[in-house]
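Sequence lines, in order, name chains A and B.
Per this note's numbering, numbering of the first sequence is gapless, rising by one per residue and ending at 444.
Per this note's numbering, numbering of the second sequence is gapless, rising by one per residue and ending at 406.
It should be emphasised that the hints constitute simulated quantities derived from the structure, not laboratory data.
Worth double-checking, as some hints may not be accurate.
To be verified - To give an idea of the interface, some chain A residues facing chain B are shown, with a C-beta separation under 10 angstroms as derived from the structure: (1) Arg-123; (2) Thr-125; (3) Ser-126; (4) Lys-169; (5) Gly-173; (6) Gly-306; (7) Thr-401.
Yeah, the Cβ is synthetic: ideal placement off N, Cα and C, and Gly gets one too.
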Amino acid sequence: MRSRNLLALALAPLIAFPLIYSSARESPEPELKIQAFTNATIYPVSSPKIENATLLLKGDTIIAVGPSDQIDIPADAQRIDATGKTIIPGLICTHSHIGSVSGADSSSPIQPEVRVLDSIDVRDTSINKARAGGITTVNLMSGSGHLLSGQTLYLKLREGNTVEDLSIKLPDGSLAYGVKMANGTNSIRDNGPFPGTRAKSAALVRQKFLEAQVYQKKRAKHLEENDPEKTFERDLALETLADILDGKRTVHHHTHRHDDILTVLRLKEEFGFKVVLHHVSEAWKVADEIAAADVPCSLIFLDSPGGKLEARDFEWRNGAELEKRGVLTALHTDDPINDSRWFLRNAAIGVRAGMSREKALEALTLSGAKILDLDKSVGSLEPGKQADFVLLSGDPFSIYTRILETHIEGKQVFDLEDPQDRLFAEGGYGAGHNRQATGCCFYR
Amino acid sequence: MFKSLLLFLLSLSLTAAHAQIAVKADLLFTMTGDLKPIKNAIILCSPDGTIQAVGTDIQIPEGYQTLTVKVATPGIIDAHSTVGLSGILNSPKHDQEQLEKSAPIQPELRAIDAYNGRDPLVKWLRDLGVTTVHTGHAPGTLISGQLMVVKTNVPAITSLDDTLVPTSAVAATLGSSALSKSPGTRAKAIALLRAELLKAQAHARKISTAEADDEKDAPAPNIKLQILVDVLNKKTPLLINAQRHQDIASALRLREEFGFNLILDGAAEAYLLLEEIKAAGIPVIVHPTMGRPFGDLENMTFTLAAQLHQKGIPFAFQSGYETYVPKTRVVHFEAALAAAYGLPREIALAACTIYPAKILGLDDKIGSLAPGKHADLALFDGDPLETTTHTTHVIINGKLVSSTAK
C-alpha cells in the first residue's frame, strides 16, 4: 500500500508534464521499464495506420511508434509480440457517469460550487468495466437535471485507492475539470426555484453569469492589488463561474433540440466562454450554425431515437454532418446510457451513417483529448505522450473485435486473459458487486 | 359494405400495379437445414405474398423487379418487444400503453387494444429489417397483460386477422421490477400468483361442470379468469420475465405446480440453472445483450446466449422494454453482440429469425425462406451482424416496404 502511494507520487510530475520527461534526466528513481509491442497493426490516429508496427514505451511514456523495421528496440526492453493484434490509443470518453458519481441536489437549479470530486467511488464496478471497454480517460459528470449541476472531473482510469490517484493535475496544481450545464426539458421542473420554461432557463443562467462578471472583476482587482492587508471573500459558486469567464474551465453543455443548441451558442456569444455541445441530437438541423460558431461537439449514437420529446429527431447522421463541416467532434458513452464496453461500437454507428473511419476513430481518442484540453499528453500514439493504449483482436469497428488489453501510462489495467478482468469484460455472477480492486495487472 | 368492396378492388389493382419482386443475393441465409448460407441465390416472391421459389438455378421471369444485394436473410423477428405500445415520445397518457399499474394482476389487458403500428419506432425497426414483432404489455407488474405477434407493416389492428397471433402469451414478471407496495416481497408475489391461478382452476372446473350438467349454471363471465384458464389449458403460454436465479427457479416451480406452457424471459442468471432449464424443456427469450447491468441484471453476461446454445436450450433474442433512451433496441444488434461473445454467427442470426418463429409456433409461416412461406426478407450490403452494414431493402409479404439504405 505504502509503496503504491509513493509510486503515485513519483508519477505525479510525469503525469502533469509528460513532454518534459527525458530518460537522460538524473533521478534517484529506479530504471524505467522499456516495453516494445511488436508486429501489430497500429492506428496512431495523429498519423495514418501502420501495418507491422512497433510501439515502444519507456516507463509511462511512448518513445517511438513506427514500422517494426524502423524501430530500434533496446536490448533490455521487454518484447511483447502483438502479431495479428491492433493497437489504438486509449479511448477518451468526454461524458460519463461511472463511479456512482453525483452532483447537485434538488435545492436549486444552478449549483457551481458542487464538485463531483466529492462523490466518486473509485471501486465501483463501472470503472472496471470502463477499463474493459478500452477507456483510459473520462470526463465524469453530474446529471442534466439542473441548469448547472456542478464541476466535472477529468480522470485517468489508473488503479488507485482515492479519486486523487486517478485525477489529472494541471500545471498550476489544480485538478483538471469542467462544468456541467444543461438546457431543454431535463432541467425544467414543475416547481420553483427550477425553471418552468426555456426562456426562464436562459434568464436564470444569464443573471448568474452577469453576477459572476462582477465577481470576476473584483477577484482580478484583488489579485492585481496583491495587498496582504485586504481579505477577499470567496464565493464557491461565483468563483467557478468566474473561472469559466476567465477561460480556465470549459462548459460541458447538455443540449438536444435545435433551438436549445442555438441558445447555448447565444450564451457563448454573450459571455465568451469555452463550451462543448453534448448529445446534440438535432445537430443535423443546425450543423451550419454550429460550424460557424466554431464550437466542438460531443455526440452519442443511440440505437433508436426518442425516449423523450427532445430526442425525437435524433439522427445517426449527426456525426457525418458535423464531419462534413469540419466541426471538432468527439463521442461519449454517457454511461449508463451506453455501456462503456460498447464505446467502439458507438463509433461504428457513426461510420454506418457516413462518418469516415479515420474521423470516427479520432472522435474516440484525439478529438476527445482536444475537447478536454489534454491533447498534449493523451489521445494519440506519439513519442512524448502518455502510454495509454488498447490492444484489440482486429478491426476497431468490427462487432466481432474484442478488447484484449488496456494500458494506462505503461501499466496494464485490463487483461481479458485474467479471470477477474474477464468477469468485468463479459459479466457473470459477481460482476455487479463492488470489490477490492485486486485486478489482474497492477500488482504484477 | 360498398366502401370495403371498393377498398378491396383498389388494393387488388395496387397489387397488380406493383411488379413481383425477385431478389438476387450473393449470400442467402434461408435459415433452413444446417443454417449455412447459399451463394448466388435467387428468391422469387409470388403475388399472394409467399415465396414462389428459392435456389441457385432459377430464371427470373420477365416483368419482375429484381433487387441485387450482397446478403439476404428472412425478415428479422423480435421475440419480445413493447414497440407500438411504448411510443417514441415516452409521454405518459399519450404514447405509453405498455404498463398499467393500477393492479398487480391484469392478464385481461389485450395487446390488440393498445397497439399503434404508426408509431415512428415501428418504422424505425422495419427500416432496419425487423418484419415481425412479438409485442405487448411490458414486464413490471406481476401479470401485466397480453402479447401478440404482428408484422411491422400493419398500421393498426382493424381485425384479428391483422395479427399473426392476437394473444400469443400472457406476460408475467418475477423479481424486483414487479415489487412495489403489494406485492412488496418475492414470497408475496408468488403467493398472489398461486392464489390467482387456483381461482382460475376453480373457474375452469365450474365451466366444465356446467357444460356437463344442464342443472348447473355457468360461472359469471370473467375475462381475467378466462385468459388464465387459457394459460392453464396450455392454449396460451405464460411468458415469465425472471432475471435472478431464484426468480427463474420460482418460475419453474410455478410451472411444475400448474402445468402451463412456460416461456422464460430475460433470464439474466439462467447460466446458474442451465441443467434445470434444460430438464424442464422450456425456451428462453434472452434479455438484450446490451441490457444495463443494474438491479436484477447486475450479474448478466454477454455470453448467456452462447451458454444456452451450448447446452442445447432453445432460445431467441429480444429488444426488450426500455423505459428511457434508446426507447427501443434493435433485436439483430443484440444478436450481433452475442456473436462477438461466443455464439456462432449463423446461430445468432437464427436466434432472431427461425428460432423465435419456433418459440412462437409460427415456423411454418415465418423465420425461414422456403416456397410457401411468407415472403418476408431483410436485405443487406454486408454481414447483417456488422454495425457498419446497412439494411438496403425490407420486404414484407412479397412487397417492398423499405429501401432507405439505413
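Each hint, compared with the structure:
Of the supplied interface hints, the one on Arg-123/A is violated, with its beta-carbon coming no nearer than about 15 angstroms to a beta-carbon of chain B, more than 10 angstroms. A cut of 10 angstroms between beta carbons decides the hint on Thr-125/A: the least distance to chain B is about 8 angstroms, and the hint holds. The restraint placing Ser-126/A at the interface with chain B holds, with a minimum CB-CB distance near 9 angstroms, inside the 10 angstroms limit. The interface hint given for Lys-169/A is broken, as the beta carbon of that residue sits about 32 angstroms from the closest beta carbon of chain B, more than 10 angstroms.
Contact between Gly-173/A and chain B, as hinted, is not supported at the beta carbon level, the nearest pair being about 37 angstroms apart and thus beyond 10 angstroms. A cut of 10 angstroms between beta carbons decides the hint on Gly-306/A: the least distance to chain B is about 3 angstroms, and the hint holds. Taking 10 angstroms as the C-beta cut-off, the interface hint given for Thr-401/A holds, the closest approach to chain B being about 7 angstroms.
Checked against the numbered hints listed earlier, the structure breaks hints 1, 4, 5; every other hint is satisfied.
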